[in-house]
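Protein chains in written order, with this note's numbering: chain A, 360 to 590; chain B, 606 to 1142.
To be clear, the hints were calculated from the coordinates, so they are not data collected in a lab. Each residue gets a CB set at the ideal place from its N, CA and C atoms; glycine is no exception. Each hint should be verified, as a subset may be incorrect.
[As the list claims (entries may be wrong)] Where chain A lies over chain B, by a calculated footprint (3+ residues, C-beta under 8 Å):
id: 1; stretch: 627 to 635
id: 2; stretch: 758 to 766
id: 3; stretch: 776 to 790
id: 4; stretch: 829 to 842
[Said to hold, decoys possible] Per label pair, the in silico range of CB-to-CB distance:
id: 5; chain 1: A; residue 1: P552; chain 2: B; residue 2: P692; range: 33 to 41 Å
id: 6; chain 1: B; residue 1: R1088; chain 2: A; residue 2: N440; range: 58 to 66 Å
id: 7; chain 1: A; residue 1: P529; chain 2: B; residue 2: G1090; range: 57 to 65 Å
id: 8; chain 1: A; residue 1: I373; chain 2: B; residue 2: D898; range: 51 to 59 Å
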Amino acid sequence: MLDGKLHLSTPEGITLALTPAGAARRGYAWFVDLLLRGVLSGVAVGGLLYAFGGRAGYGLALIVFFLMQWAYPVVFEVFSNGMTPGKRWLGLQVLREDGLPVGWRESALRNLLRVVDFLPMLYGVGLASMLIDGQFRRVGDIVAGTLVVYRDRRVRRLPLPVDATPRPLPFPLTPEEQRALLDMVERVRAVPPQRQAELGNLAQPLTGLTGEASLQRLFQYAAGLTGEAKP
Amino acid sequence: MQLESLQIDVRPGSHWAAIDLGQSLLRRYWKPVYLAWWVPWLTLSVLLWACLPADMLPWGSLAMWWLRPMFDRLPLYILSREVFGEPVTAWQALRAWPHQLRGWARSLTWWRPIMAGRGLYVPVWQLEGARGKFATQRRRALGARGAYGTASWFGVACVHFTLVLEMALYGLVSFFLASPEEMNPAGFLVTYANNPQLLALTGHICYTLADGLIGPVYVSGCFTLYLRRRAELEGWDIELSLRRMAERLAARSTALRAKSATVGKTLAAALVCSLLWFAPQHDAQAAGCPTPDFVTDIRKARPPTHDASQTALRNDLDAVLSSDELRNWQCQTIWMPKKTQKEKPGDYAWLEKFFRWLFGDGSPGHHEGINLGAVKVTLIALLVILFAWLLWRYRGPLGQLLKVAERRPPPPEEICGFDIRPETLPDDVPAEVLALWRAGRTREALALLYRATVSRLAHDYAVELMAGYTEGDIVAACVEARRVGALPSLTESGCRQVTDLWRAAAYAARWPDDATLIGILDGWRSAFTAPALKVAA
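Chain B extracted, bound-state conformation:
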């Protein structure tokens, strides 16, 4: 029993909430549970119907009810393994069933079949294998503090649920049989009250359906109540939290040892003290994990170091940043399928069938005098061509429809503190820039140039820019746009040039000489105003 792999929360709570948890568990594993239940359940039901004379069928339903404790062991077998993360198929459960039936005579006799809370005690016999006086002790301990009472009330409720479903089925049949004027949910029972054979058959069917649905519900509810009770008695959740704490302590101490080898002790202590509170929980295995690619890529992309002290500093920083508390990646060991799932054979069966029908021996065209198959193919081909032509003919309106869906929000009015609305720019930007430059208003000239560049990018080339972008972000957006082919490389390099020029001037007061500026302005004219390259915004 691996408590770590437990799939449900076993912290103590109310007994009724524990029972409801069984419903959630059943919902997760309903397929194997209901399959395993229904194979023998339906077989028994059909056998009883076939073997018993019609007027004895109610006794058959009673026998099924009486054998319920045997069926209860199937869901219990599956759920008790699934809850610890061990997958069980319905077939495995059915194979194991005969072995699980030990003690059948005991559970079918005396008052045991009519004990409403028996579901709480079944695991003691079936899963714990307790017998005799010890089993009695176990049952007493598990049923204490109102647990058995709750299980009994739940059992009574489940009996009523079965009845409700049976009545609902009768009602459903009545609704379908009745005329609209006289809807009566009990109509079926009233109409056929004098036909006991029919009533016995429908009763048998309704019972099989209803108890086949409610049976696993009862077993799973009692099972989770049993688990919670046991967890409470034996402190499972205490064990789990202690184990987790010890695990974290171990992971932390290995990480600490690794760190103190590389970094000064004071730094490490300060970092650990301040950051431990925010550290996410890591698995113990994470300690010996290789550095992921995106981290090594970032490290490789850095320019070479100037001297040995910088190299040492970088190594220290890398060591600190890849420590347990600071890294932004996580290492996990998980199971992956060896092969990806094969395509199901049934997926294209209909297509194959269609072609067989079209061209095969039994095809409708074959027993006529002329080859109707060829006519059929021609007609289908014509239809396909017609459809394609229609698509082509109405490509305009269809394209409009698609465009509406892709409409983007308008670019912002201001980026980096610049007003980038096109109407605020002069008609001939390079001439205006040059005029300002010649007049000695160098800063204004370069600002206008940069503003015009950003404006063209946002409005003419539809590069997606946000209001909060910096110069660097804009260059990055240009690179991205060129990569996807939305921006010509000439424009991208122009943008880089202007950005470098502007940054050098604005932040470092390094001004270009006249010849450089004029060269850039000429380049700008071709990079940003070539109408052939314009993209409709």
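In isolation and in its complexed conformation, chain A is listed as follows:
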């Protein structure tokens, strides 16, 4: 089963699922960062040239330009939880392969190797590497042992869609099945009515009913699981 995720197990037996981000989304994040860096460097260089003028201003501007090129991604990734402003905006995050936050070493390595990824022109090597690699890593990521993943969104649990009187389950369900049941109850109203009836019929072995009545019974089971029924 392909789910596009990387499942990591902690020693406590907890499974963490990371979703590596593909080349397109990362490209947009890079582009946003590029624009931002351009604007920032432009403002800073203009200001310095205006304030100091001549060769001193020019020298300082070069330093600013250098820092924008090389320090910007590293500093943001280390101090901002693996996110440059572009990555933050597009919901991406840099992590180590084991799911831990990136440190100076990883961040510096992956950003230094941008030079390799940029070869021969405009990230040709990086793009090829991202298309070939199973976790969309460019050469810098592979060397530094980092991943770019989608940041987890905070999930807002929808309220159960009906007032149902709680009911015990007809037979014990495994934790995955309980989760699937709740998920199903939250989303079943989003599908067209005919399909809802079909799903109700599919649930007949569990509920002993058909159609809408079967769905209502599922809602009752779900209310029994969550204990969140309305009076």
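Mind docking chain B on chain A? Use the hints.
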């Protein structure tokens, strides 16, 4: 459409993650997809290059770009079948292609070729076969909640990927053409700026390569986005989990019925209640599965029963232990190849070629006056003999090298609470044992005998023993060592004898008489101290 055989996870997630899933799907089925794409793609490219005059070639590249929607249907045909577990070869896809091209005029006109998110809507036409107003409705439903926007952004990104790859190819060529002092990735374009014919040709080649790589990426990304959207709209994952639950319920109720016939109801209920939580999911087919051999072997190896009640008890236990929740084996129906794969004919072709070269008509030795072939064979034979002799001559050092790799960790110092280091044992073990026995310290005597036995096994015969082994484990290790020929059978039987003696004495306080002990000690001397049988540790 068999949802059960779906190869990808369709639980709802972000649209971008769905698009990235397409990349994973493409990586799994890249061979047929790229083969099917490249056969007509390359043909068209070569034809255009051959037919068009050199200064018209950019229009040829443009025509290829414009015909992209036609090529998009090939990967879609393959992936839409592979994703439901139906294997498709590139050849099948190419055969089906003309039939899949219906509506070509429609998709090549108006704004449709330049729609960045068109990949999301292609399946509506090609796979669902929707037309007219219904198709418009379908497209609106699928593209809602930002899906079309995401597909469009992905399309824009793919256009840029094509450009990036083209530029990278230009850069690569420039690097190879430039001298080390003046590396410039745009060097090629700058140098040949005044040669439009060459630029048109390289542009055509670069476009063919780049879009031939990115095209399937775009199609597969849009296809998985389409699948996720459809699954979300129609509750595919809900259906899947409902079906799985119903299946498990059915398997469980048949298992329950079978059990209640054999075991008392209370026991069954208690077992089911307590163990259902840990029960792994089994297929419905598992219910009517024959008992595997290793289980029947274990059952056969048991000693015969004393009476009818024990037989009945055993049957009950077997029935409980082979129930769905308790058994440690699983039954699955899988496909196996009827024949194992034939050896590829090309594997030894080089050897055949070599011999032909050596002995055949055209061989180098034949057109000389003397038969050089025989000389060649002699020389090769001498070389082989020399190599074999070298191996034999340096077998000592080579053997040392191998031995280093096989070195095992030293045996533990203590097993079963006994100190088994050889230096703690007296020189003449049987004499010492007998002396202790005569002095009335029977327990100490037998303990020393057993300790010496284990020590010899571990140190002299290199039987692999672990610190946590019990007496039974040690006997089992001896049996295994004798089976592989590392232990003489005399020593193995000696070990059994001493173990039985020690167990009977230590745990049941059944002491042997003097004659038995002396007999065993004599046997021990020959079994454990025969220097000819010693294996270097």
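Do the hints match the structure? See the list:
1. 627 to 635: holds (count 5)
2. 758 to 766: holds (count 6)
3. 776 to 790: Check passed, 5 qualifying residues.
4. 829 to 842: holds (count 5)
5. P552(A) - P692(B): 33 to 41 Å: 37 Å, holds
6. R1088(B) - N440(A): 58 to 66 Å: With Cβ atoms ~60 Å apart, the hint holds.
7. P529(A) - G1090(B): 57 to 65 Å: 60 Å, holds
8. I373(A) - D898(B): 51 to 59 Å: With Cβ atoms ~38 Å apart, the hint is violated.
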